[in-house]
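Protein chains in written order, with the working numbering: chain A, 58 to 384; chain B, -9 to 346.
By construction, these hints were calculated from the structure, which means they are not laboratory data.
Any given hint might turn out to be false.
[To be verified] Chain A regions said to be covered by chain B (calculated; three or more residues, Cβ under 8 angstroms): (1) 104 to 117; (2) 162 to 175; (3) 236 to 244; (4) 300 to 312; (5) 344 to 350.
[Claimed, not checked] Listing some non-contacts, in silico: residues in chain A with all C-beta distances to chain B over 12 angstroms: (6) Leu77; (7) Ala81; (8) Gly127; (9) Asp151; (10) Phe196; (11) Val203; (12) Leu227; (13) His249; (14) Leu257; (15) Asp264; (16) Val265; (17) Gly328; (18) Ile354; (19) Ser355; (20) Ala369.
We put the CB at the ideal spot given by N, CA and C, even for glycine.
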Amino acid sequence: MSLIPGRIAALFGGRRWRSLAPLAVLIVLCVLIAIANPNFIEVRNLVRLANSAAVPLTLAMGLTFIILMGSIDLSVEGTLSVSAMVLVLLAVNDGNGNDYGWWAVLAAIVAGTAMGFVSGLVQTMLRIPSFMGTLGMWFIGLGLSVYMLGGSAIKLNDASIRDLALHRFLGLPVAVWVAFGAFLLAAIIQYHTKLGRHILAIGGDEDVAKLSGVNVVRVRITAFALAGFFFGIAGVLAAAQLGQSHAVIGDGRLFAAVTAVVVGGTALTGGEGGVVNTLIGVLIVTVLANGMILLGISPYIQQTVQGLMIIAAVALSLDRVRLRIVK
Amino acid sequence: MKDTKNFTVNRRTLMLGATAGVAALAMPSVLRAQDKPTLVTSIRSLSNPYHAVWKTGAEAYAKWAGLEHVTLVSEGNSEKGIADIKAMLAKTGGNMVLNSDPNDTPDARPIVEACAKAGAYVVTQWNKPPDLHPKDFNPNYVSHIEFDGISSGKTIAEILFKTIGGKGGIVALGGLISTTAAIERKKGLDAALAANPDIKLLDFQVANWKSTEAFDLMGNLLTRFGDDIKGIWAANDDMGSGALEALRAENLAGKVPIVGVDGIKTAVDAVRTGEFACTVTSDPFWQGGMGLAIGYNAKIGKFDPTKEPPEHREFYGKAVLISHDNVEEYYKTNVDAKPEIDWNDLWGRVTGAIRT
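Only chain A is shown next, with the shape it has when bound in the complex (with noise of 0.2 angstroms):
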């Protein structure tokens, strides 16, 4: 059966006109939405999209570099939860009387980046598989959330760190820009740095990266720790977007990640793809969800629509001929 969608993919001119998939579903998207709805390409639309692309999109240049290396960190719910707590306790909120200001947001990172260090401690020194080792963390974080909350939603009164969502900079949300910084960063870790390098090496042959003297260890920590500071950026700004934190305000993110990576063209199984792919993933699902509120699909139906569009967005990207077994 695998035969027929090589033969398609041949005729197309095979992998490389695969790599550009997700890129022509993204334009194509954008395209009959915008013929649909001339609403779509309004700058105050793009500057919308630009915003809910913010914190989805952080996220998955986090999730990227774990899943390039074949692993999955399903924490990102409990990190990023954390992460908003302790910003959110640490500013001045209505809940205690402290103002330690942007120190709030260095803290707030800090504490994302331990949580992923910890699940990379877990992963590679109690050698438990990065799904259930990561799905601890995530149960972790949310427990150390409701406990430190109350159980309730706390109120974030910081005028200057909530500029980061409300305050806009050459006609964006200042939130859109630490994205973007986001990405950039993720960008120069994947294609210039040896750790970069390494990360792919191990997510294509971990046997063979081993070999040829990559300190598998530690490359797998430092990638974790690493994701875990890109949650941590998330979390400020999704404390920062809502004015609130509640123990379950990462609700439905880490779906989200994991779709906008896949969907973009980086593989489950590791070592193919990158953050550029997710860029794409993360704005293909972004304009899906805005598309189908400016078509007026009825709520009833969109999840069988994002459901279809998951399904095809990875048929078209990935390289399905090479895997001979589909599990």
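Go by the hints and put chain B onto chain A.
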């Protein structure tokens, strides 16, 4: 900040409560063999503000009545919810009063059956199958309490319509499609819309009860309808507050009124600043305490459930409306201080029997 102090006290109480709960569970039943029944609260989770307040109310009643109180949390897992209740029944030998918000509709039956078998008294809230009735489990299944979602959805819609001057377009954010509360509140909205032909429902979208989803959704709705949106109807406050932050990002906060249901603190604050037109609450503090009070009074024979009229066995409680007119008063008595409730007034908030 007055508020600050209040919060830390609350948290400490919460922690103490949790510790006490764990300790009580750890103690062998012999130690706790006593005449006074144990009060047991079974709720979904402590990570949402609604159930956190529920637990505070339950603890307030237990303290007032001088009884031991244990909170069981199902974490959205029906099996765990039921198993924990059965374990408590075994531990107390049935000498307990249960106030339960069953995780899911079908859960109510095994919970009630287990309690009736063990001789414990039970009150359920929100969820029960339509063919399960307190009168079929006399005297153990004392009452079932719900809040009329249709009336809540209608009340807030009417206030929203009045706030925007009786005409114009609104958008509505609904809850998780399959839940009873979401369906009923939407019915209420539809009823209010039918009575106000000058109000146009631009779009009804679903944000699954969550502020994060409502935030993204609202941005998209603004693109589609722009200035035509004169008001926002949200099926709960959390979604309403997400929509509010989306408005704030576009400098529209306070210009487009929002209404919601639940009465969470963010929403009450927003009613004070005029960003929300109103919210309506079932008063989880009352639900947490009064559910136990009704069960306990039946258990000690203060009243005989079998002789109570049907509207005391299955009833809609009275929801509390918080709008511009009464928000300062509400804030003083419910947010700054712990609410004062007359725990002897068992039937004071009955508004009628549940529709069948």
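Hints, verified against the model:
Here's how the segment 104 to 117 of chain A fares: 3 of its residues keep a CB closer than 8 angstroms to some CB of chain B, so the rule of at least three is met and the hint holds. Counting residues of the segment 162 to 175 of chain A whose beta carbon lies closer than 8 angstroms to any beta carbon of chain B gives 0, which falls below the threshold of three, so the coverage claim is violated. Beta-carbon proximity to chain B at under 8 angstroms applies to 0 residues in the segment 236 to 244 of chain A; the threshold of 3 is not reached and the given coverage is violated. Counting residues of the segment 300 to 312 of chain A whose CB lies closer than 8 angstroms to any CB of chain B gives 9, which reaches the minimum of 3, so the coverage claim holds.
Under a criterion of three residues with beta carbons nearer than 8 angstroms to beta carbons of chain B, the stated coverage of the segment 344 to 350 of chain A is upheld, 3 such residues being counted. Under the 12 angstroms C-beta cut-off, the non-interface status given to Leu77 (chain A) relative to chain B holds; the minimum distance is some 28 angstroms. Against chain B, the non-interface label of Ala81 (chain A) holds: every CB pair exceeds 12 angstroms, the least being about 24 angstroms. Distance check for Gly127 (chain A) against chain B: the nearest CB is about 29 angstroms away, which clears 12 angstroms, and the non-interface claim stands.
With a closest Cβ-Cβ approach of about 6 angstroms to chain B, Asp151 (chain A) is found to fall inside the 12 angstroms limit, against its non-interface label. The non-interface label for Phe196 (chain A) is inconsistent with chain B: the shortest C-beta to C-beta separation is roughly 10 angstroms, within 12 angstroms. A beta-carbon of chain B is positioned within 12 angstroms of the beta-carbon of Val203 (chain A); the least distance is around 4 angstroms. With 12 angstroms as the threshold on Cβ separation, the claim that Leu227 (chain A) sits away from chain B holds: the shortest Cβ distance comes to roughly 16 angstroms.
Against the 12 angstroms criterion, His249 (chain A) stays outside the reach of chain B, whose nearest CB is about 33 angstroms from its own CB. The beta carbon of Leu257 (chain A) is kept farther than 12 angstroms from every beta carbon of chain B, the shortest such distance being approximately 32 angstroms. Against chain B, the non-interface label of Asp264 (chain A) holds: every CB pair exceeds 12 angstroms, the least being about 40 angstroms. Separation of Val265 (chain A) from chain B is adequate, the least Cβ-Cβ distance of about 41 angstroms exceeding the 12 angstroms criterion.
Against chain B, the non-interface label of Gly328 (chain A) holds: every CB pair exceeds 12 angstroms, the least being about 32 angstroms. Distance check on Ile354 (chain A): its Cβ comes as close as 10 angstroms (rounded) to a Cβ of chain B, failing to clear the 12 angstroms threshold; non-interface status is violated. Ser355 (chain A), annotated as away from the interface, has a beta carbon of chain B within 12 angstroms; the closest lies near 9 angstroms. Every Cβ of chain B is farther than 12 angstroms from the Cβ of Ala369 (chain A); the closest lies at roughly 21 angstroms, confirming the non-interface assignment.
This entry does not satisfy hints 2, 3, 9, 10, 11, 18, 19, going by the numbered hints stated previously.
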